[in-house]
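Engineer: The opening residue of the sequence shown carries number 1 in this note's numbering; numbering runs sequentially from there.
Since the hints were derived computationally from the structure, they do not count as laboratory data.
Please note: incorrect hints may appear among the correct ones.
So the derived label-pair ranges between C-beta atoms look like this [stated by the list, open to error]:
no., residue 1, residue 2, range
1, Asp-274, Ser-236, 30 to 38 angstroms
2, Phe-156, Arg-211, 13 to 21 angstroms
3, Thr-252, Leu-210, 16 to 24 angstroms
4, Glu-238, Cys-205, 44 to 52 angstroms
We put the beta carbon where it would ideally sit given N, CA and C, even for glycine.
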Amino acid sequence: RVRYETADEYAGLLRAMEDTIEPEFRTKAPEGDPIIQLAEPFDGVDNSYLITPLLADFIQNLGFRVVTLIGRNSGPKFGNSVSDVISALDIKPIRGNSDLAGPKPPFGYFVHQANLSRAIDRWVEIRKQTIKRPFLSTLERFLNPTKAKILIVSAFHPPYTEKMITVAERAGYSGAIVLRNGLEGGMAFPLVDRPVKILASVQQCEGDYLREELEMLPSQLLGFDVKTDEKLTQPSVEENARLIREYQEKDTSGNDNFDNRVKISCNGIKKAIDWVCSFSIV
Numbered sequence: 001r002v003r004y005e006t007a008d009e010y011a012g013l014l015r016a017m018e019d020t021i022e023p024e025f026r027t028k029a030p031e032g033d034p035i036i037q038l039a040e041p042f043d044g045v046d047n048s049y050l051i052t053p054l055l056a057d058f059i060q061n062l063g064f065r066v067v068t069l070i071g072r073n074s075g076p077k078f079g080n081s082v083s084d085v086i087s088a089l090d091i092k093p094i095r096g097n098s099d100l101a102g103p104k105p106p107f108g109y110f111v112h113q114a115n116l117s118r119a120i121d122r123w124v125e126i127r128k129q130t131i132k133r134p135f136l137s138t139l140e141r142f143l144n145p146t147k148a149k150i151l152i153v154s155a156f157h158p159p160y161t162e163k164m165i166t167v168a169e170r171a172g173y174s175g176a177i178v179l180r181n182g183l184e185g186g187m188a189f190p191l192v193d194r195p196v197k198i199l200a201s202v203q204q205c206e207g208d209y210l211r212e213e214l215e216m217l218p219s220q221l222l223g224f225d226v227k228t229d230e231k232l233t234q235p236s237v238e239e240n241a242r243l244i245r246e247y248q249e250k251d252t253s254g255n256d257n258f259d260n261r262v263k264i265s266c267n268g269i270k271k272a273i274d275w276v277c278s279f280s281i282v
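Kindly produce the complete structure, drawing on both the sequences and the hints.
Structural biologist: Structure follows, in structure tokens:
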């Protein structure tokens, strides 16, 4: 489990997982904009709408290609996941790195674990029967088939943030961004004034890493206070997909809470990306 394993143990486990990657994802990605990888927890959200495809769309407009890792839900939650949302959007995951050629799709590229590593995907049914969250729930988000320069992930518990940054550094990412206090442990920012903390890391010329903690208040990112945040009951994945499509096409979904969440999340993540990129790693 993430609270017990050492950095060396995690590095070894991740290398073993990398050895199972399918040949289609071992080839060099086609030339193009630098790649940023996103990875939300695969067990999804229970009380909110996901905005991950819109984050990808926003980041791509900054001059990047965005790859989002997705996979089957092994629990412990069984909410709506990014995999569910892209299915509702009728988006197909890529089949290999060669699919990164050509014009960028609006929401970026999605790599499904079943295509990336059949060996890891086979563990999903076993993991549903375990009581505690195993190391796979963390490390499956750090695999880097397209050789992305920057990784953006989220952490639920405070002690996990530094461990996850260390895993990203040991995995060879030039830059890493770990977001904490996001909605339901994900990347979406809350609307009420609970500070979102981001730990960012960037590799220096000498090979070592420099870290910086950024703290952001939603009201500062949005420009005004929101008194309450919505908590949904059994949110519809179809409605989630509709909101994403509407926002992408019209810059508004008609749902103020959803729109405000997209805006502050994009603004906050851009600040972290700007800090990492100020060191000329891409």
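Engineer: If a hint holds in the structure, say so; if it doesn't, say that too.
Structural biologist: Consistency of the hints with the structure:
1. Asp-274 - Ser-236: 30 to 38 angstroms: Because 35 angstroms falls inside the window, the suggested range holds.
2. Phe-156 - Arg-211: 13 to 21 angstroms: Taking Cβ atoms as reference, Phe-156 and Arg-211 lie about 20 angstroms apart, which means the hint holds.
3. Thr-252 - Leu-210: 16 to 24 angstroms: At roughly 38 angstroms between Cβ atoms, Leu-210 and Thr-252 fall outside 16 to 24 angstroms, so the hint is violated.
4. Glu-238 - Cys-205: 44 to 52 angstroms: The hint (44 to 52 angstroms, Cβ to Cβ) holds, given that Glu-238 and Cys-205 are roughly 49 angstroms apart.
In summary, the structure is inconsistent with hint 3 from the numbered list given earlier, while agreeing with all the others.
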